[in-house]
Structures are given as C-alpha cells and as structure tokens.
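Asks: Listed here are the chains, written in short residue letters.
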Amino acid sequence: MSVAQRLKQVAFLILLSFYTAFVAGPLFWVTTMSLRTTTEIAHNPYALPETFHFEKFYKAWVNSNYNVYFTNSVIIVLSAVAILTLIGGMAGHCFARYRFRFRRFLYFMIFSTIIFPPQITIIALFQILVEYGLYNSRIGLILVYVAFQLPVTVYILESFFARIPSDLYDAARMDGYSEWSIFFKVSLPVALPALSTTVILNTILLWNEFLYAVVLIVDEAKRTLPLGIQQFMGDHLEDVGMIASGLMIAIVPVVIIYVFFSEKLIQGMTAGAVK
Amino acid sequence: MEVDQERSSLFRHQRSLDQPLGSIITFLLPAVTVYLAFTAFPVIRTLFNSFHRVLPGKAALFIGWDNYISVFVKDDIFLRAVKNTITWACLSPVLEVSLALLLALALYAKIPGARFFRIAWFTPVLMSYVVVGIIWIWIYNYDWGAVNVLLRGLGLAEWVKAWLGNPKTALWSLIFVTTWMWTGFNMVVLLAALHSLPSEVLEAGELDNCGWFKKLWFIVIPMVRPTILNLLVLSFVGKMKVFDLVWITTKGGPLWATETVATYVYKRAFEWSTFDLGYASTVASIWFVIILSGVLLLTWLFRQREKLEY
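Chains A and B are the protein sequences, given in the same order.
Quick note on numbering: the first sequence equals residues 1 to 275 in the working numbering.
Quick note on numbering: the second sequence equals residues 1001 to 1310 in the working numbering.
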C-alpha cells in the first residue's frame, strides 16, 4: 500500500470514528446517567459515574411499576411473535408452494399494507375493539400487533419458501407426507434461518411500538414499556436520573438481542431494501 | 370414451394433489382472517367514517363531503401539519441517503474495523422512538443539553436557544434527530449494495484515473441506483407517518411548528374533546390517499418496477 493510500485510509478512519462517536455518544451518555443519581447529574450532567448506583434499577423496577410494564411488554410481544410466526409461516408456505386462483391478488392485498400509515386503521380499530370488548386489553393489542407485522413476516417468509427446491416437496409427497406434515417437517425446518430473522425483527419492532399501545391501552396495569416510560417522564419530569434508568430497562433487552444476533437483525431490517 | 374418462379422473386426481384446495384454505385462513378483521375492515370503516359524524353511543350520521370541505377550506392547522410533514418527508430522504452514501464509500475503502462500525451505526434504529425522543429532549435542553453546552464552550453563546421550544428551530431539530437515527441504516444497506458490485468496475475507474467525484457520479451511483431509489421511497414513507418522536418531544408544539398529520389525526380523534371520530377519519383518509399517490408517483418517476417495502 502506498503512502498516499495509507493516508487516505487514516483520514477515512478518523471521519468514521467521529461519526461513530456522534451516533453512539447519546446512547453512552444515557447509560452513564442511568447509573448516577439525579443530584449527581444536576451537579454535572457529563461526568462518568463515580459509584455505580445499581439500586436505582431496583427502585424503578419495584417502586415505579417497571416490573409491571416489563412483564406486559414481554407477554404481549412474545404472544404476538408466536402467533405471527405460525400464521405468517402458514401463509408464506401457501403462497410459495401452491398455485391457486386469487393467489397474486391476495398476496398483493396483504403485501401492499406495508406502506399504509397506521392512522388509516387506528381510529376504526379503536371503535372495533371497544365494540368487541377488546379495548384496553392485552389480547386486543396482541391481535392488532399480529395484523400490523403480518405483511413483513409473510413477505420475508414467502420469498424464502419460494427458494426451497420443489424436489424436496416431491420427495416428501412420494413418501406419503400429508400437506400439513410437509409444512411442519419440511418447510419449517428448512426455513429456520428465515424464521429466526422474522422472530428477531418482530420482537424488536413490537418491543418499541408506541402508537397502537397509546391508543388501545389505558390501564396502568396493562401498559407496555414505551407507554410506562412516557407516563413516568410526564409525572417526574425533573427526575432525570430515574428516567434514564427506566430507559435502560427498555434498551437492555434490545442490546442483548443485538449482541447475539446482530447479523440476523440487520438482515431482517434491511430485507427488501437491497435490490 | 372410457379411456377419456379415466384420463380425466386421473388428471383430476393429479390436479387435486397439486392444488389441495382444503389445505390451501386452512393454511391461509388464519392470516386472511386477521388481515380482514384488523387491516382491511378498519381501512374501509375509516373511509366510511370520513363521510359521517361519528359520536360515541350514537349511530353514524351521514354528512356527505362536509368533512372534506372543512378540512380543505377551514382547517389551517391541517394545512400547517401537511406543510411540516411534507417538508420532513422530502428533506429527510435526501439528507439520509446522501450522507449515508458518502460514509458507506469511506467504509468501502477497506477500513480496519468495518464490522464494528457497521454494528455501531445500526444501533439507533433499534431504539424505540420513546427512548430516542427522551434522550434528544435532554440533548436539546436549554440549560444543560449537549448542544448548548457545546455552543457555550465554543464561545457561540448567542446561538444558544431552546431548540425544541423555539418555533423557528423545533422542526429542524426533529429532522436532525431522524437523520441521526436513520443514516446508519441507510449506510448499512448501501454498503451491502456496494459489496455486491463487481470490483473490476471500480478498479477500472481507478486505472482510468477518474477523479473521485466522477467515479462517484458516473460509476457508483448508477450501479447502486435501484438501492438508492428504494431507500429514498422507504425514508419518504417513514417520514410521512412520523408520530412517536413528535408526540414524545413536542406534541406538535410550539405553535404547531412540529405538528404532523399523524399527530393531528391523533389529537382530533382522542385528545381534543370533540368526540367526533368522523373528522379525524377524514384527515386520515386524505393522508392515506396522498401517501399512496406519493409512492405511486415516486415509483413511476423512478420507473422502478420492483416491490416497495414498508
């Protein structure tokens, strides 16, 4: 490598490091604040923690209801993701495997909702859930979440199922497999990479979801984390330290998933954008 | 005749194996039910609402185009919200994608630690808008926010302001936040596109001693064009829907400076005690049609036959 190239590389490296600091700085900052008390932060917002106040997390968890919000989020997200994986997988398998009338039409109808703004459904969803007694219930929110993430899930899975060679299915059929056992014993195991992509993607997106939750949930006891955080922020505007601890409770699970499955997650988020 | 019949029954048997209608229906039924109940029906009902006065506990009252006329003729806040949202949706894609392209090219030049950079840049999009919003409320804080601390430190104290509290700067400050959040995402996608290009082409440009800008303009951009266009549309649609960030940080204020159509729909439907869901549905329907036409127009402009995501 020539000197000029080397210099260019160093210049780029500096530029990219600056950008990385700009991106990661705010997240690092909120991490330090989550371990410091509000008094310490008021004294100097940009100092590093001297003693790590881990007890703040315990306080948020127990005294500020974060245990309730966290549990709600876990229940709602996991149920929605489980349902999504199963029914999205079934639909994706069906669209990829069989040729039937209205196939393209149905697929297009489901797929096109990807660009719909949530506002076009939210008002009527509110009415419908009220009428069927599902308003302000976890089940209602789970069903809405399933509908919300269905297009992406079907899209990712369908395109994966479509690439499975049909010889595999023919062989299974020769062996006398029924359509259902083909789905469970051939399609799903082979599509495990795509399934895990959708599971991780849906988990993160629903974990962070705010609009549907804020419209469809009112009870304190049923709030998800984003709602709980917003409420806490409204009630304790000045308590920066505690708010930061609350934020960390929402961030940590995402970071853990990201540490283990970063490539999967990037794949899922960018699915379709690379063409 | 007999043979014919036999063949046709055989053929029918074959067909039923290829297209087992019963299985197809059971495979699709759950997804289609959820889709019809929680997507298709609500969309139709919102469109229906938009021509009615919908008050709680009362049957919807048909009022024709009244809501539509009020929205376009009398509603200054709606027009303000449209202006803000369109500004956001047109500016953001350009900012995000051009910045992302430059950074992706820098990273493409075989920089050590590329994997680390990619993973770090992607983090903001994984955060909830609630989290991002609160962090940036603090960063823009007048007294101790990072922006003002930095400005004071640089001796630019006269530039110090309440970034989100000032109607002149609030919208730009929020656009800055979405750019912070989404540039990394765009960059990772562009980087993947660059890596899938045949390296000979770029090397040929190198040999011909093309200038840096020429290489970018005549070789790189045309080759990753489909990806760039997809990202532009994606970002456009995302900003046309923006709600969470505004709701957490400014709730559309100050003085409607950051009101978006999404927050306005929410306010009309659930915050202002007008109790009329019809009017909010009208705004949502109009916006729905505008987004669809915007996407169609963009795809038509780009003559891009591929499917769009999100």
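These are calculated hints, taken from the structure and not from any lab test.
Among the clues, some could well be false.
No more than 20 Å apart at the CA atoms, straight line, and that leaves these computed lysine to aspartate or glutamate pairs for DMTMM-like [what the hints assert, rightly or not]: (1) B/K1267 with B/D1076; (2) A/K59 with A/E40; (3) B/K1214 with B/E1200; (4) B/K1251 with B/E1271; (5) B/K1110 with B/E1200; (6) B/K1251 with A/E238; (7) A/K8 with B/E1203; (8) A/K185 with A/D175; (9) B/K1058 with A/E40; (10) B/K1251 with A/D235; (11) B/K1058 with B/D1076; (12) B/K1168 with B/E1158.
Away from chain A, derived, C-beta distances all over 12 Å, residues of chain B [what the hints assert, rightly or not]: (13) Y1035; (14) L1102; (15) A1109; (16) L1151; (17) P1198; (18) R1268.
Each residue gets a CB set at the ideal place from its N, CA and C atoms; glycine is no exception.
Asks: Now tell me, hint by hint, if it's right for this structure.
Replies: Each hint tested on the structure:
For the hint linking B/K1267 to B/D1076, the alpha-carbon distance of about 15 Å falls within 20 Å, and the restraint holds. This hinted pair checks out: A/K59 and A/E40 have alpha carbons roughly 17 Å apart, not beyond 20 Å. As the CA atoms of B/K1214 and B/E1200 are separated by approximately 17 Å, the hinted pair is consistent with the 20 Å bound. For the hint pairing B/K1251 with B/E1271, the CA-to-CA distance comes to about 11 Å; that is within 20 Å, so the pair holds.
For the given pair, B/K1110 sits about 15 Å from B/E1200 by alpha-carbon distance, which is consistent with the 20 Å threshold. Our distance criterion of 20 Å between C-alpha atoms is met by B/K1251 and A/E238, whose separation comes to about 18 Å. At most 20 Å may separate the alpha-carbon atoms for a hinted pair to count; A/K8 and B/E1203 meet this at roughly 17 Å. Note on A/K185 and A/D175: the hinted pairing holds, with a Cα-Cα distance of about 12 Å set against a maximum of 20 Å.
Taking the CA atoms of B/K1058 and A/E40, the gap is near 55 Å; set against the 20 Å cutoff, the hint is violated. For a cut-off of 20 Å, the pair hint linking B/K1251 to A/D235 stands: about 16 Å separates their Cα positions. At most 20 Å may separate the alpha-carbon atoms for a hinted pair to count; B/K1058 and B/D1076 exceed this at roughly 29 Å. For the hint pairing B/K1168 with B/E1158, the CA-to-CA distance comes to about 15 Å; that is within 20 Å, so the pair holds.
With a least beta-carbon separation of about 6 Å from chain A, B/Y1035 fails to lie farther than 12 Å from that chain, contradicting its non-interface assignment. A beta-carbon of chain A is positioned within 12 Å of the beta-carbon of B/L1102; the least distance is around 9 Å. With a least beta-carbon separation of about 6 Å from chain A, B/A1109 fails to lie farther than 12 Å from that chain, contradicting its non-interface assignment. The beta carbon of B/L1151 is kept farther than 12 Å from every beta carbon of chain A, the shortest such distance being approximately 14 Å.
The Cβ of B/P1198 lies farther than 12 Å from every Cβ of chain A, with a closest approach of about 16 Å, so its non-interface assignment holds. With 12 Å as the threshold on Cβ separation, the claim that B/R1268 sits away from chain A is violated: the shortest Cβ distance comes to roughly 9 Å.
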